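2 protein chains.
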Amino acid sequence: MTELAAVLDHLDNTLEDSLERLFALLRIPSISTDPDYAAECRNAARWLVDDLVSIGFEASVRDTPGHPMVVAHHPGVRTDSPHVLFYGHYDVQPVDPIELWEAAPFAPGIREIEPGRKVITGRGSSDDKGQLMLFVEACRAWKALHGHLPCRVTILFEGEEESGSPSLKPFLEAHKDELKADFALVCDTDMFDPETPSICASLRGLVGEEITITAASRDLHSGMYGGPAANPVRILAKILADIHDDDGRVTIPGFYDGVEETPSQVLQSWQAMGTDAANFLGPIGLSVPAGEKGRSVLEMVWARPTAEFNGISGGYTGKGFKTVIAGQASAKVSFRLVHRQDPDKIRAAFRQFVRERLPADCSVEFQPHGGSPAIQLSYDSPLLTKARQALSDEWPKPAVTVGSGGSIPIVGDFRTYLGMESLLVGFALPDDRIHSPNEKYDLTSFHKGQRSWARILDALSRRGT
Amino acid sequence: MTELAAVLDHLDNTLEDSLERLFALLRIPSISTDPDYAAECRNAARWLVDDLVSIGFEASVRDTPGHPMVVAHHPGVRTDSPHVLFYGHYDVQPVDPIELWEAAPFAPGIREIEPGRKVITGRGSSDDKGQLMLFVEACRAWKALHGHLPCRVTILFEGEEESGSPSLKPFLEAHKDELKADFALVCDTDMFDPETPSICASLRGLVGEEITITAASRDLHSGMYGGPAANPVRILAKILADIHDDDGRVTIPGFYDGVEETPSQVLQSWQAMGTDAANFLGPIGLSVPAGEKGRSVLEMVWARPTAEFNGISGGYTGKGFKTVIAGQASAKVSFRLVHRQDPDKIRAAFRQFVRERLPADCSVEFQPHGGSPAIQLSYDSPLLTKARQALSDEWPKPAVTVGSGGSIPIVGDFRTYLGMESLLVGFALPDDRIHSPNEKYDLTSFHKGQRSWARILDALSRRGT
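Protein chains in written order, with the UniProt record's numbering: chain S, 1 to 465; chain Y, 1 to 465.
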């Protein structure tokens, strides 16, 4: 029997114990947004430190200006295996509206929600205490059986993820030598479906811009001035309309610089997932894909950049009517970026695009709202290949490599502050009701998730591709 | 000496008396929007009735659900002269902010604002008590000297013009037989400049439409849905941008049906007025005419139709940024109409234009906000020719025929309810500060305005063109 096979057996045999440990952690109401629960956040951090120490980690509670971090270290058995940083968060969302919970949010239990489908109930069961304990349990089993871990592991558990992570960047900056590893494992994501594990290999970047166009020095009567006077709503509408061509492509010069075509075998694997316009758009009342012609909806969201208009306002917007020509109009515009698109270049190209379309007697002000490049793990990276094989060995269906249309800030922070890529693997399901009443985590996710992490640790620790 | 020459002399000799009468009317604080001043509105109406009775009119205060009307009748000396309805309003705007007045608003007086330029000060001096008393004084002089009026005159003074004229339409409808005349004289307008009287021969009509585009059934996260999901702000911007071509013309099919080219001699007279893009747009901080290419700014405002976007809103419009794709976006759109453009056809053509550009999975709702055709007095009508000559005889510079970019509701109401065209002549000046503190009316306007109405009455009463 291999080291791994023994660990998997052990995890099967200790599932009840691991559930009890998760329940103990779930009973701590570590709500980070509510100052009344600050002591509970610290209790959760201490509980994790104690648990990690009990399995041989060098672990400590680290104070921040907000809620503390948990940092833990364990050496690997071999020096040629990688050093991994595992990230999760122990804080949870508030529980309002409390009256909608079928059981008390901090009294976890097991419920059978349909024949044969058992779930762990309670706030944090999925987001993120259940997910992070999977990895701890995998380490515990390895240590219990073999007395070591297959590779060097650093753990970072945050206590402010649900309240905007105000202490995270300074903490990474201040402890980069301690936290830097070969790569990060981030556990805050979903499975594709209950039988199909997924690895997220790409996250879109974002550039936000607010533009305000000023025409006349005051609001005008549309009778007295309609015709000769420039109307900033008209100018703005024209500029925004110019940003897409009839095929849904963005027309800003240089916008597609750094965008790569997704490998055909990846596109085929996405095609095989069965997501189409009907089932992607149907639930939100739509049916006609609005993105670039000739691309599937999954490619549009996971691997293509966009220009979106997130807000627009100008003139009279109250009830009834006012025959006014506004002095100003403004819009919030954002760009989702992929691959190697450069946020600074996109921002500059957009501003140039706007200025070129501005009448000579009008002016524009730009206000930047954040900019971050996309994250893209190479589709043929050994990290991805090994993790995908490990997951495929565990679950009924092979693992899929997916993307995320949005950003996950921690992944960008790891890249920025620690110069480190992340592997995103999680076992949550879309119906886990995270942030809502009656949060749950499938018992299958909890069980097979532990086994999955054991497999991934084993795979990543092997040399070669 | 002609009848007219004697009247003009008499007006010169009785200017002091006519000023005293205006002051008496200006001392009555007939603020129609403030219920506390309801009795004062009635006092102003009674004062006018008494004054009109004193010069031989059959005059009475007529109750309405709001402030009363004044209606007065006087026969003409000849049966072949026309019957004219003179319209003005005795109510005034509130006086706030009172602290900005240099003299009490209801204590009228004379002030020399620059060497040789005397003005009558006080609320209502220009809008509209000063303007309406000109006509009464012209009638008074005629009666005093000749014992008759040159034509049949009906007078209608309203007391709710500054508060939206809620009683006007029902009153016109109920008294149309009594009020119907050959045409109306409306005195609520400006001179072109202090030496140039003007007649307004055209008023633009208006069609207002509010459109709301619905795409997704709820607001979406722009990361999760950006690309495939239709964005109603983008759809709306595209539709609005399509409404004008690069030459500033409206592209809606059939939009220009009923629009006539303005006669070249009229365009030349406008050209001669010295209004250009620089002095028209300069005061509002603009310099580049935004209307149809190849048209002067005065033609754009007085004789060309427009499409204007009066308001737009959609998505997140608060401070900061939200990466949302809105479910809805809306705009308030209006069209200024000229000549024989049909409001109903324009509205229908616009709706069709929008629907044709709507993606198949989106919907649009239309909310109408009023519709009225343009007013256009024929440039060669005898009415206009006679009045222009009469004014040109009085003032240093010849009268000009102008247009108004906006609508004056009473003119449309006279057409709708009484089947009657209006001649718009007034002697206010753009610097009269109507609706503002320190309202004034030039003494020259008051003096030469009386003489002007005497001349117009005389001219209109003569047979032939």
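Possibly wrong hints are sitting among the right ones.
[To be verified] Taking CB as the label site, the calculated pair distances span: (1) S:Glu356 - Y:Thr64: 55 to 61 Å; (2) S:Gly109 - Y:Lys319: 40 to 46 Å; (3) S:Ser287 - Y:Arg433: 42 to 48 Å; (4) S:Gly318 - Y:Ala104: 55 to 61 Å; (5) S:Gly294 - Y:Ala272: 55 to 61 Å; (6) S:Lys319 - Y:Arg415: 56 to 62 Å; (7) S:Asp63 - Y:Lys319: 19 to 25 Å; (8) Y:Ser264 - S:Ser287: 52 to 58 Å; (9) S:Ser363 - Y:Gln268: 31 to 37 Å; (10) S:Glu356 - Y:Met224: 28 to 34 Å.
Simulated from the structure, these hints should not be mistaken for laboratory data. As the structure is a prediction and not an experimental result, all values here were calculated from the model. Glycine included, every Cβ here is placed at the ideal spot set by N, Cα and C.
Evaluation of the provided hints:
1. Against the hinted window of 55 to 61 Å, the Cβ-Cβ separation of S:Glu356 and Y:Thr64 comes to about 57 Å, which satisfies the hint.
2. For the pair S:Gly109 and Y:Lys319, the beta carbons lie near 43 Å from each other, so the given range of 40 to 46 Å is met.
3. With their beta carbons about 58 Å apart, S:Ser287 and Y:Arg433 fall outside the hinted range of 42 to 48 Å.
4. Between S:Gly318 and Y:Ala104 the CB atoms are about 35 Å apart, so this pair departs from the stated range of 55 to 61 Å.
5. Between S:Gly294 and Y:Ala272 the beta carbons are some 59 Å apart, a value that agrees with the proposed interval 55 to 61 Å.
6. Restraint check, S:Lys319 to Y:Arg415: a C-beta distance of roughly 29 Å breaks the suggested window 56 to 62 Å.
7. Distance hint check: the CB atoms of S:Asp63 and Y:Lys319 are about 32 Å apart, inconsistent with the given range 19 to 25 Å.
8. A beta carbon spacing of about 55 Å between Y:Ser264 and S:Ser287 agrees with the range 52 to 58 Å that was offered as a hint.
9. Separation of S:Ser363 from Y:Gln268 is about 36 Å and conforms to the stated range, judged on CB atoms against 31 to 37 Å.
10. For the pair S:Glu356 and Y:Met224, the beta carbons lie near 32 Å from each other, so the given range of 28 to 34 Å is met.
Going through the hint list in order, the structure does not satisfy hints 3, 4, 6, 7.
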